[in-house]
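**Student:** Take these sequences, add in the hints, and give me the full structure.
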Amino acid sequence: MEMVPDIILHNGNIQTQDPDFPMAQSLAISKNRILDLGSDQDILSRASGKTQVIDLDQKLVLPGFIDTHFHFYEWALNYDSIDLSRVRSFQEMQDAVSRKALAIGKGKWVLGQGFNESDWPEKRMPDRHDLDRVAPHNPVCIWRCDLHLSVANSLALQLANITSAVNDTKEAVIAKDAAGNPTGILKELASNLIRDVLPELSISKVLENMQKAIHDAHGLGLTSIHDIRLMGGLDGAQALKAWQHLRQENNLDIRCHVGLPGEMTDQAVTLGLCTGFGDDILKIGHLKFFSDGGMGARTAWMTQKYLDAEYGMPLTPVKDIEKAVIKADRAGISVMVHAIGDRANKEIIDMFHRIESSGKSQCKIPHRIEHVQMILPEDLVKLSKLKNIAVSCQPNNLSLDISMIDACAGPRGKFAYNLKSIFNTGVPLMLSSDAPVTNPNPFAGICSAVTRKRMDHTPKQGWYAKQALSVAQAVKGYTITPAMALGSGDSVGSISKGKLADVIVLNQDIYSIDPDRILDTKVDLTLFDGRIVHER
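Using this note's numbering, read the sequence shown as starting at 5 and increasing by one per residue.
No lab work stands behind these hints: they were computed from the structure. Be aware that a few hints might be false.
What the hints assert, rightly or not - With a straight-line cut-off of 30 angstroms between C-alpha atoms, the simulated DSS-like cross-links for lysine-lysine are: (1) K464 <-> K391; (2) K127 <-> K470; (3) K350 <-> K309.
Just so we're clear, the structure is a prediction, and the values are computed from it rather than from any experiment.
**Tutor:** In structure tokens:
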């Protein structure tokens, strides 16, 4: 007996991302699967009186987007924080902190994320005194957009016991003034001293925030995410518990690979976990390691000095990462390694070559290098020769980093965000947001990858424009490429007969419009697992 469609989408411009069936006018959905696709005539003939028929009015249809590097759990935890990505000056930042402090009352924590001082007219990093002036009666901590640096006011430093007597370490840098007193600027793991004293959210509040975040993700066209751990955060177990709770209650309306911190390698191996374990909705992801920091904090590990700092630093000795990766690899647990600077990328690529040559991997899902923000041509060649690796890059970060990289690296910025060169290596190039470091909107990412401009569309000709991707390449980086690279290509990533029905409908054709306008794209309809979860 022929199955009757529950939903038919017709009169559309369906770009399937399936090379065997690249375009269609209509698609039929039954339960949570793509039943069929083809011409309007063929598909509409299968409708019954119970079928929901939706006229797409020639709109562009794509597979649901996959964001492979999203700090989703942390994003949800901080859903009520100040969004500082929108402030355009030092004064606007202070005004935002002041308004929040007045709104919540004395004594309560004021938290914010996303400031980017390199794009402010003042080009000035705040310190504790600047925050004290606008919120003297509240503990305050704000994170730079890259999350590798935070600034705390005096009351926050006091609550975290960060005094002149506390020494920093290579991994946890506490900036101090000439008198030896903390300035409030905290780099890398030093920010965890603040996180450790923040009041915990109740599990009900965490789940409420996560469901709000999932709802907002649907509005951006996201149907799958990889929830990635932050450095030094031992919240992997709490995050996995929260995701499992949503799944058990049948309230998880997004596909999620839950990453674990590298610090939990021994526990993961002992428990017999493996990457990809789970179901179509929730899976165990990769173990996460950090080889260096970020360029904004000048902690990314470089082969040459910054113009305004030293070489950055390795946050974890490569030999320690390698030892843990070998242990995980032999147990079938895939890993991802954060590498920003050109020295970090060189060392990590060399490490993976040694591991690949040492024996057969037990991992069915490739290892990953995250960011690959600055890479030298000779290391691109070595990257191309790795067999069990995928790369996740964040074009949204490019739009934030142009001014900063010009200031700290000068002409060596030509080695940064080499997306086209990475794509040309043949290594699977997955695109992602790194939210809340940047805007989670995939259309901002596609726009950045294609135009290589800031969100205000400067510079006019693009920044090192030869490294731009085409729209088609960028869309693949959010759809079929991550699906194939992560072992889910038989179920998601393209609009293909028999695959899970994760589908989005856009208000404009991003393939044909002026690339600068891609940023303004809206999602009119999102279907997840065969159900409509967003309508604009």
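**Student:** With reference to the structure, classify each hint as holding or not holding.
**Tutor:** Tested hints:
no.: 1; hint: K464 <-> K391; in the structure: violated (38 angstroms)
no.: 2; hint: K127 <-> K470; in the structure: holds (28 angstroms)
no.: 3; hint: K350 <-> K309; in the structure: holds (16 angstroms)
Checked against the numbered hints listed earlier, the structure breaks hint 1 alone; every other hint is satisfied.
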